[in-house]
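Asker: Single-letter residue listing:
2 protein chains.
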Amino acid sequence: MTDWTHHYATRASRMQASEIRELLKLLDQPDIISFAGGIPDPELFPTAEIAEACRKILSDPASAAVALQYATSEGYLPLRQWIAAYMGRLGVVCTEDNILITNGSQQGLDFIGKLFLSPNDTVLVAWPTYLGALQAFNAYEAQYARLPDADHPYVVKTGNPAPKFGYVMPEFQNPTGTSMSEAERVALLDAAEALDLPLVEDTAYEHLRYDGERAPTLLALASERAGGIDNAKVMYLGTFSKSVVPSLRIGWVVAPQEVIRKLVLIKQGSDLNASPFAQMVMREVAATIFDTHTAKIRKAYKERRDAMLKALADYMPATATWTKPEGGMFVWLTLPAHIDGAELLQRAIKDIRVAFVPGTAFFADRSGRNTVRLNFSLNSPQTINEGIKRLAGLIEPAI
Amino acid sequence: MTDWTHHYATRASRMQASEIRELLKLLDQPDIISFAGGIPDPELFPTAEIAEACRKILSDPASAAVALQYATSEGYLPLRQWIAAYMGRLGVVCTEDNILITNGSQQGLDFIGKLFLSPNDTVLVAWPTYLGALQAFNAYEAQYARLPDADHPYVVKTGNPAPKFGYVMPEFQNPTGTSMSEAERVALLDAAEALDLPLVEDTAYEHLRYDGERAPTLLALASERAGGIDNAKVMYLGTFSKSVVPSLRIGWVVAPQEVIRKLVLIKQGSDLNASPFAQMVMREVAATIFDTHTAKIRKAYKERRDAMLKALADYMPATATWTKPEGGMFVWLTLPAHIDGAELLQRAIKDIRVAFVPGTAFFADRSGRNTVRLNFSLNSPQTINEGIKRLAGLIEPAI
Numbered sequence: 001m002t003d004w005t006h007h008y009a010t011r012a013s014r015m016q017a018s019e020i021r022e023l024l025k026l027l028d029q030p031d032i033i034s035f036a037g038g039i040p041d042p043e044l045f046p047t048a049e050i051a052e053a054c055r056k057i058l059s060d061p062a063s064a065a066v067a068l069q070y071a072t073s074e075g076y077l078p079l080r081q082w083i084a085a086y087m088g089r090l091g092v093v094c095t096e097d098n099i100l101i102t103n104g105s106q107q108g109l110d111f112i113g114k115l116f117l118s119p120n121d122t123v124l125v126a127w128p129t130y131l132g133a134l135q136a137f138n139a140y141e142a143q144y145a146r147l148p149d150a151d152h153p154y155v156v157k158t159g160n161p162a163p164k165f166g167y168v169m170p171e172f173q174n175p176t177g178t179s180m181s182e183a184e185r186v187a188l189l190d191a192a193e194a195l196d197l198p199l200v201e202d203t204a205y206e207h208l209r210y211d212g213e214r215a216p217t218l219l220a221l222a223s224e225r226a227g228g229i230d231n232a233k234v235m236y237l238g239t240f241s242k243s244v245v246p247s248l249r250i251g252w253v254v255a256p257q258e259v260i261r262k263l264v265l266i267k268q269g270s271d272l273n274a275s276p277f278a279q280m281v282m283r284e285v286a287a288t289i290f291d292t293h294t295a296k297i298r299k300a301y302k303e304r305r306d307a308m309l310k311a312l313a314d315y316m317p318a319t320a321t322w323t324k325p326e327g328g329m330f331v332w333l334t335l336p337a338h339i340d341g342a343e344l345l346q347r348a349i350k351d352i353r354v355a356f357v358p359g360t361a362f363f364a365d366r367s368g369r370n371t372v373r374l375n376f377s378l379n380s381p382q383t384i385n386e387g388i389k390r391l392a393g394l395i396e397p398a399i
Numbered sequence: 001m002t003d004w005t006h007h008y009a010t011r012a013s014r015m016q017a018s019e020i021r022e023l024l025k026l027l028d029q030p031d032i033i034s035f036a037g038g039i040p041d042p043e044l045f046p047t048a049e050i051a052e053a054c055r056k057i058l059s060d061p062a063s064a065a066v067a068l069q070y071a072t073s074e075g076y077l078p079l080r081q082w083i084a085a086y087m088g089r090l091g092v093v094c095t096e097d098n099i100l101i102t103n104g105s106q107q108g109l110d111f112i113g114k115l116f117l118s119p120n121d122t123v124l125v126a127w128p129t130y131l132g133a134l135q136a137f138n139a140y141e142a143q144y145a146r147l148p149d150a151d152h153p154y155v156v157k158t159g160n161p162a163p164k165f166g167y168v169m170p171e172f173q174n175p176t177g178t179s180m181s182e183a184e185r186v187a188l189l190d191a192a193e194a195l196d197l198p199l200v201e202d203t204a205y206e207h208l209r210y211d212g213e214r215a216p217t218l219l220a221l222a223s224e225r226a227g228g229i230d231n232a233k234v235m236y237l238g239t240f241s242k243s244v245v246p247s248l249r250i251g252w253v254v255a256p257q258e259v260i261r262k263l264v265l266i267k268q269g270s271d272l273n274a275s276p277f278a279q280m281v282m283r284e285v286a287a288t289i290f291d292t293h294t295a296k297i298r299k300a301y302k303e304r305r306d307a308m309l310k311a312l313a314d315y316m317p318a319t320a321t322w323t324k325p326e327g328g329m330f331v332w333l334t335l336p337a338h339i340d341g342a343e344l345l346q347r348a349i350k351d352i353r354v355a356f357v358p359g360t361a362f363f364a365d366r367s368g369r370n371t372v373r374l375n376f377s378l379n380s381p382q383t384i385n386e387g388i389k390r391l392a393g394l395i396e397p398a399i
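Here the protein sequences line up with chains A and B, keeping their order. Residue numbers 1 to 399, in my numbering, belong to the letters of the first sequence in order. Residue numbers 1 to 399, in my numbering, belong to the letters of the second sequence in order.
Hints are computed from structural coordinates only; laboratory data are not their basis. The model shown is predicted, which means the values in this text are computed figures rather than measured ones. By construction, the Cβ of each residue, glycine as well, lies at the ideal position given by its N, Cα and C atoms. Mixed in with the good hints there might be a few duds.
As the list claims (entries may be wrong) - The following label-pair restraints were derived from C-beta to C-beta distances:
1. B:257 - A:321: 40 to 46 Å
2. A:392 - B:63: 35 to 41 Å
3. A:16 - B:52: 39 to 45 Å
4. A:119 - B:77: 32 to 38 Å
5. A:65 - B:340: 55 to 61 Å
6. B:156 - A:224: 56 to 62 Å
7. A:66 - B:66: 24 to 30 Å
8. B:86 - A:321: 27 to 33 Å
9. B:25 - A:143: 36 to 42 Å
10. B:77 - A:392: 46 to 52 Å
Claimed, not checked - Restricting the straight-line Cα-Cα distance to at most 20 Å, the calculated cross-link-like pairs of lysine to any residue (SDA-like) are:
11. B:25 - B:346
12. B:25 - A:97
13. A:157 - B:6
14. B:296 - B:210
15. A:56 - B:296
16. A:56 - B:49
17. A:25 - B:59
18. A:299 - A:43
19. B:56 - A:59
20. B:56 - A:42
21. B:25 - A:261
22. A:302 - A:214
23. B:25 - A:66
24. B:25 - A:65
25. B:25 - A:69
26. A:56 - B:48
27. B:56 - A:52
28. B:25 - B:132
29. B:299 - B:385
30. A:299 - A:324
31. B:296 - B:346
32. A:56 - B:59
33. B:56 - A:48
34. B:324 - B:307
35. A:157 - B:7
36. B:56 - A:302
37. A:56 - B:55
38. B:296 - A:69
39. A:25 - B:74
40. A:25 - B:77
So here's chain A without its partners, still in its complex pose:
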């Protein structure tokens, strides 16, 4: 086979297939209990409503002609208007001109990387953080440092260039499931302001709260401080992938207009526009059932979270600790220091037919080898109980 390496850009060396992902690809076998994914349960999809929206849009020749043609890069206006109103309910005052439609929030991460990152620029991320964000920013040859919190202030080193932005999931973080309190959010905004650091607020699981109280979004807090969204230095990423369906690939960025205008040019050069058909279907479905549907999936996922927390309490040895998330899709398990998550996965698949994601994948420095991400959104409470029981049995003997 021809060698292509010398033709590639320098960034290509940062694009390696993950061994874990390759391993997890093989897990379609029905006898495996998988806590590995981060995907919604297809049993809960609003299929009938989506089918009806497709039928309605395509049965009218005028709307069909719009739905099937090219479209503007910023996105379908009625959908952006729906999102602007939704953002208002979250305390963010914005208009459709503050919104770009993206292919899921993953594309928002890619575009923000493209707009902000030159090679060797630094991004501040949590330790651990969302794996897909690291993948998106790696393509722009980013370096990483730790996002400041109470225990880890960011120390400016003389001669080092300023970090380009901080990336954070304040609600039900992937992978830990934990949320930031309002005081922590305010402290982060203070630190960012002192560093002149824009923040990227990723809220993929925002609507999946099962108990506790929501703290204001970073964008709402920053807009209030700055006297309006266009002076705030926060970019908010939202998505319908977890609240409605992933497959229509509809996410959004809410940001100051100046940033949105640049991101629209990036959208144009990257893939021209999001599917107007998909956007029209999503607008129709969201306008009809967003609240009732998200209430329904919250009810289902809450039972599964409860089942996972109960099973962990029932079966795990005292040397293991885990997060108690108020929402989202994940519990983060910290094992005794001598256990390697990747090795445990190999054994778990072979011996007990249970899968999960080892934690190192979520650390920019590949630390956290004794941590594990467990997803609870895809299995029934009974299956969750059985899987955690088996997993605990595999950990116990090593202690």
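Given the coordinates of chain A, work out where chain B should sit on it, guided by the hints.
Answerer: Quick look at chain B alone, frame taken from chain A:
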């Protein structure tokens, strides 16, 4: 408003809104005859077939669950298999492992830029070339030089790094509408081989041939030379945007497996996966009506091309020349040297309510100021005749 400039990557300075695009955005008024777009006629969309495919896929719970979920980054297997068979009909021997599904071929251009281009790398392009390719590569801070042809050999300068790839539309080029003969393709492959230069073959209009004979694709010729696609240095971009509908955003890259594996990682980091629903709909529609539907749109567009060539011959002054395309969507008009296409557009919109795209946008060096791109796919033969008549009247007096 806050100034963001110092936060941006160096590439952001290459992302400027085009004045022409902004002007053309305003052209939705019904009294304008627009030759500006490059879009298919929505009257010809296979709406009923798409609606039926949506209904079929979503009415079966098993296929609906796949259609609405996340999916693999490489794309929906039955669609890749359909495309592999289609490529076989074009003389390209490949398997589904040589194929990545992208959001239209624009995303293929973006991904190839991402994989190959570091800042200041050189891309060889035609003079003129597709504007969207320049936009895609600009984001990776490319430089441009002229793709070699019989009149313009590429001169290697000592000390200059080798160009990273050549970008070419051998069939019905956007913007000129012209195609390369087999001899020209062979000569380009010879030149590329001598330079160790990968080629990107963009075939967005490939199926829109109205007369004349198709020459073999560069990928077919290169595969034959190299003893198989995996040793060929050509990446082929295809799309359903012009043959079926743009809005499902389904394009594809056909390339050696090593390149596809890298592009799959890029897809994963950029937006995870193309919509499985859109891919399943497209597979269903393509498998059912691709040949009959493309025959139907060829018939309609041929009449429009004929009408445009006749009107140009009937009305244009002897000092103007134009291409006679055997297919595609465009005619390229070269005006007397003293006429500026951008100025002509301003006057044409104001005085005669006719729009088109000035040619400079398609030149990497912004030359070609007396050229103009005319689209014929969107208007009826009568409207085309009227628009060209008006345009010729605007040119005549200046001579």
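Asker: Starting from the hint list further up, note which numbers the structure goes against and sort them upward.
Answerer: Violated hints: 5, 8, 10, 15, 17, 31 and 36; rest satisfied.
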